[in-house]
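> So you can see what is in the structure, the chains are spelled out below.
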Amino acid sequence: MSQNTMNLKVKVWRQKNAKTAGAFVTYDVAGISDEMSFLEMLDILNEKLITEGGDPVAFDHDCREGICGMCSLYINGKPHGPWQANTTCQLHMRAFKDGETIVIEPWRANSFPIVKDLTVDRSAFDRIIQAGGYISVNTGNAVDGNSLPIEKQNADDAFAAAMCIGCGACVAACKNSSAMLFLSAKVSHLALLPQGAPERKSRVLNMVAQMDKEGFGSCTNTGACEATCPKEISISNIARLNKEYLGASLSAE
Amino acid sequence: MTFKQMFTSSVGKKLVMAFTGIFLILFLVVHAGLNACIWAMDGGIMFNKAAHFMGSFVVPRVLEIGLFLGIFLHIVQGYMLTLENKSKRKIGYEVNYAKGSKWYSRSMAILGTLLLMFLIMHIYHFWTPSRLGGIGGIKNLDTFNLNGVEYHNLYAEMQFIFTNPIVVLLYVLACGSLAYHLAHGFQSAFKTIGVHNRRYHAMISTIGYGFAIIIPLAFAMMPISFYLHWVN
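If you're matching them up, the sequences are chains A and B in order. Position in the first sequence (first residue = 1) + 43 = our numbering. Position in the second sequence (first residue = 1) + 25 = our numbering.
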């Protein structure tokens with residue numbers, strides 16, 4: 044298979060740290076193969092910057108297999124770039140044309156402060172999970188996996204919600220910087236399974252309270268989150284979150 | 026968990042928007058239904074009787090207080106939520122993400138503001154002369170007597186107001202705003218109160234789009250009917 048190479052311009056947000064103001068800087072990257080991943084293209088840019096004695100562009104990444112949720116980047120006006128149901132690390136350069144200028148921005152939300160360049164602090168998600176994204180289990184011998192009957196549809200919906208990798212693309216895409224697609228995936232995942240039943244009410248109340256404390260916005264059901272989610276988490280989970288919240292807050296002491 | 030906490034959380038604020046929104050949707054049905062009496066082709070007798078009932082009977086008058094409270098809450102909460110949501114992203118994007126959502130779902134505050142401007146004009150045209158006519162400098166409506174009962178001739182007032190083509194155009198444009206506001210608001214309100222089941226969701230979306238077309242169309246046809254003398 045023949046591979047094409049291309050020359051591109053990348054317009055990247057550069058910011059030294061959380062306290063300094065940032066600005067866009069445009070770089071030329073030459074000889075990029077269309078078979079490269081997007082992050083490999085950034086690796087080449089960084090090698091060039093290091094060779095020239097400059098400061099490499101900071102960006103988050105880990106598994107580069109589309110399953111860990113570490114990579115981010117708001118590419119040409121869409122979180123994780125132009126492809127559907129895809130993470131930035133799985134985006135390949137064949138998505139772009141020779142001579143194109145690619146605009147790369149960090150996730151923008153007050154709750155995701157910039158650490159450096161394209162790296163943002165997403166620990167707000169960790170604190171939301173800590174507030175209720177757990178279940179109680181008895182210690183001792185492991186229970187037989189088949190001893191708890193679970194309806195097929197509920198199991199499927201719970202697994203679909205559990206696909207969320209917590210990357211934060213939903214917050215980045217939302218005009219309100221709302222984290223409700225993320226939260227609704229976590230709440231749905233556990234509310235649909237019998238293991239999640241003991242803390243079902245306190246979970247949704249505590250997690251919503253923590254989400255509000257972190258400063259995320261309110262959902263207005265535009266659907267931008269669902270459209271950009273690399274794991275195709277359905278917005279119907281947000282409706283389920285609302286139902287869980289309404290029920291729990293009405294019946295709480 | 027207090028009721029204050031319940032309705033001031035990020036989910037709770039949406040619940041206030043959704044409950045008041047659904048209440049206003051129900052009001053639109055009543056309003057459109059009563060106004061449809063203009064097409065009874067009886068010179069406005071049925072319409073004026075209906076308007077008289079709404080203005081003189083205690084039940085609709087009490088509901089009217091609820092209606093004003095609902096509208097007020099929907100407007101105030103809507104603006105507060107919009108400003109609050111906007112404040113959550115201090116630095117915006119260079120390239121905006123427009124493909125993932127419909128323009129009207131992102132423009133509810135602007136469409137709502139257009140509706141508020143219309144509402145002020147609409148209340149000035151019909152509600153104040155009907156309810157407060159004669160107080161201070163507020164215009165009084167013509168009256169007529171039928172079987173010993175004094176009726177406001179609100180029908181004649183409609184005929185008069187809708188002789189002005191600019192007013193007719195503003196009313197029709199407001200119906201356009203209403204259509205797009207409802208196209209998003211109807212199904213969004215039901216999602217917010219927790220309707221997540223696939224079959225209900227598909228049904229509510231379809232009903233929502235139908236409602237967003239039929240109700241504003243019925244309202245738009247009213248000034249047009251008077252202006253083009255389809256009703257006399």
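Be aware that a few hints might be false.
[As the list claims (entries may be wrong)] Each pair of labels, with its calculated beta carbon distance range:
| hint | chain 1 | residue 1 | chain 2 | residue 2 | range |
| --- | --- | --- | --- | --- | --- |
| 1 | A | S166 | B | L242 | 34 to 44 Å |
| 2 | A | A73 | B | K115 | 34 to 44 Å |
| 3 | B | F93 | A | N153 | 46 to 56 Å |
[Claimed, not checked] Quick list of in silico lysine-lysine cross-link-like pairs, BS3-like style, CA-CA up to 25 Å:
| hint | chain 1 | residue 1 | chain 2 | residue 2 |
| --- | --- | --- | --- | --- |
| 4 | A | K274 | B | K74 |
| 5 | B | K127 | B | K111 |
| 6 | A | K62 | B | K115 |
| 7 | B | K111 | A | K244 |
Read the hints as simulated data drawn from the structure, not as lab findings. All of these numbers come straight from a predicted model, not from anything done at the bench. Cβ atoms here follow ideal geometry from the backbone N, Cα and C, with glycine treated the same way.
> May I ask which of the numbered hints given earlier this structure violates, with the numbers listed in increasing order?
1, 3, 4, 7
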